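Peer 1: Residues per chain are reported as follows:
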Amino acid sequence: MATPLPNLPKSPKDRLEIYRLFNGMSIAGKEGIDEGRTRAPLVKTFLIEHVSDKHGGSPRPPAAIWSQLRAEPELIDDQFMSLQGEVKPTGANPYVTTVGYLEQFDQRFFAYYTVEGSQQAKQRVNKWIQKSADLDSTWFSAPLLQALWKHDISYRGDDRFTKLSFSHDSVFELPEDSAADEVDDDQENMILEEAEEGSEQIEPERRRSRFMMGDRISRIRAALGNLQSGYDPLNALSAVRFPSLHERGSHDLYQHGQVTNRSDSFEDHRNTIRYLYRIYRGVLNTTEERAWRDLEKTPQTMAGGPSHKGVPLIIHFHEKLTKATFDCWIRRAFSKRNVFRLWGEPNWLGPTKVHVYGADRHLWQPLNLEITESRMIAILPQGTCGNTFHRLITNIQRFVCPKISAWIGSQPFESMLDQVKSVDREE
Amino acid sequence: MITVKAEELIRDPVFQLNLLIWAAKEQPLDGPGVCVTPLFHRHGYRLFYVEKQFSFPVPIQQKLKEIEDIGHAPNADVIVANSAAKSAFYIEAKKDSFGLGSSNCRQARAHLIASGPAFGEVYPTLPYCRIVYTVPEACRSEMEPTLAALSLDVTKRGFLPGPFSVHGLAVLDQHIVYHLDEASRSKLGSVDSVVPLLRISDDGETDPSPLLLIYTDSDTYDPTNRGHYRRVLIQQVHAHLLCYFNRINPTTEHRLTPEDILMETTGGVFQYVGAETRKSMRVLIRENVFRRIAQFWQEKAPDIFHLKGFELTAHFQDDYNKERFLDWLEDTSRTKFADDAASPQEIALADQPTTEQGELNLAGSANAPEPAASKPSEDGPSPAAN
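Taken in sequence, the protein lines are chains V and A. Under my numbering, residues 1 to 427 are what the first sequence spells out, in order. Under my numbering, residues 1001 to 1386 are what the second sequence spells out, in order.
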């Protein structure tokens, strides 16, 4: 059932009016959580990535993007605006109202704040992203979430409560006629909230693992390593809970860049968003700087001319795919509606090896791939957004192989994420 | 499905060149993440140039003016350099050895001179350079005397050649391996005389080739899959066009040339490949991609595309036309871009002016005048064969 959307002002006096409004909702929401019921809808934020001029694209101001998406943006200040959208309450006629607010952090990253229900909000954001080739989610892949756990969450107090969620669906193990092209998005936001129980739907047999660990930080820290080495799907981390550092409550981060506020402070929630935005920006910049196969001018002490730089991005699957799974994956990954959103014509070099000189279908940027039963190698031409690589890792762990190792050139992906611990937390 | 014998692959110039470039790429040092053993990279050598024409110092240029049997502007296949060690390897990949009667000797003399003190003159931070001919291992022993004789020849004529080595590619123990001589091992800081570069799959039918970083329109060495490199080239161009047209404003006019696209898809290497190869790649794109687009859409919507010479102009006017075109372009079963090689006639015509009306005949070039025989490049069509 659709959660009723509270009235949100289209033209507030300033953004602080919205901060105060969301603060009130956060307090009411937190009280609801404490009392075991939801009194007010929770504030949730989607961190959205936009093409930057580094990609040879033409970055647009958010007002122009959302005007084209018919969201009627109304500027509240230079970097903050309200957005309109159609709402369909259960049993009532649809109507257009203010659905949330967009803040521009920089040319490349936007935060969309809303109090719509998780499913409706996610569907709305997905629709915007699907309609705009220059918008994408931010992709907090399992290794990045693991690094956030390792370097941050696990130090937020031994007695604080947290939750980690793990999710893996081997959809390509299914017979072709039952392998879903689209992921069941509706289930995603339940990960940290409610595990599905008592479903009477008939499920085809395949590897499908969903786990949630909710416990004190010290207990999870003591157990997690052994659990992960013993069962591969426990490496497919899909959501983490950040206990708030300064306030009561917490903030839930999902793989697709959604953060749900379970604290009683909107300011604390926004501070968490800003923190995650800086981490993600740093990771993305590092990915692109190292991965782009570029021509750089040689130093002036040498004769002018180009030399090659740039490194391959490598993802190794800890468990080899079967021939049937590999075939199914390759056949479907390059189809129009598949979650991998890849375009290209696989060149078969062997029973379980293809080369694809293709493109990222979502951002429409070139991408060259070698895929075998045990690894994927990606070459990102100059300008191809690093988001593509992070989306690949996220989807491979979610749908192909739950335990992977990844490198950017010679550098293990995990070590690149160590910058999580050194990120400048101040602007 | 294709079947490639690794023995054939090590004689394929495009494969050889890509293998050497991968060996200079940063990768994990060992374990399952390694694509091609990063032999050069792990010893501090980085890719310095690919397909770079060497510019001789002026005194050598002046001296060469009167000499016919020494190339005036040699093109190095790959140069890897180690700034800390102040040294470089100037690598030529060859599908076969050659003797003193070969036309390759003209270019080889130039390479020997380029890798001598001239190299340090042009690149002062790299005073040491060694030229390395990489050939199939079976040809190595025949190659060495040729280079020794050529080195002596240019020395007698007053030039200073660089030291040379011959390295061999071979198939051994389920790997494509690289044989190095003692002098190169010493300079590289490696103790291994045989380095496994690339694993060959146990199934015996999987092509071990890594992703192509450099490619041309030449035939492959696999007789069952001759058009593979052209197909890769067309696929890269196809992907580029799809990305490009998805992101443009349909209300303005857009001009595309094969040069612009090939510069993008080769990471800039296109400008350094041999003139003949450059020309045939341009023609391939015009004939197999641009002409197909222009012909197909002339019937559907005659005002959108115009092909004039090598320039394709697109003006969609509105989103509807753009979306129609993109639906078509995205569907490889409809675009059907052929991977046939450009014909010698079409390549020769590349130098001809367009018709009086300025438009190329979209129906094809069947009425074109008989072209003059195109001059073959000195060492064949592939970049690695220069």
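Among the hints, a few may not be true.
Within a straight-line C-alpha distance of at most 30 Å, the following computed DSSO-like cross-link-like pairs (lysine-lysine) qualify [stated by the list, open to error]:
no.	chain 1	residue 1	chain 2	residue 2
1	V	K150	V	K403
2	A	K1300	V	K336
3	V	K10	V	K127
4	A	K1156	V	K131
Far from chain A, by Cβ distances over 10 Å, these chain V residues were calculated [what the hints assert, rightly or not]:
no.	residue
5	P73
6	G91
7	Q123
8	R248
9	N271
10	G282
11	I330
12	K336
It is worth saying that the hints were derived from the structure and are not from the lab. Note that the structure is predicted; figures quoted are calculated from it, not measured. C-beta atoms are modelled at their ideal positions from N, C-alpha and C, and glycine is treated no differently.
Peer 1: Need the list of violated hint numbers for this structure, in ascending order.
Peer 2: 4 and 12
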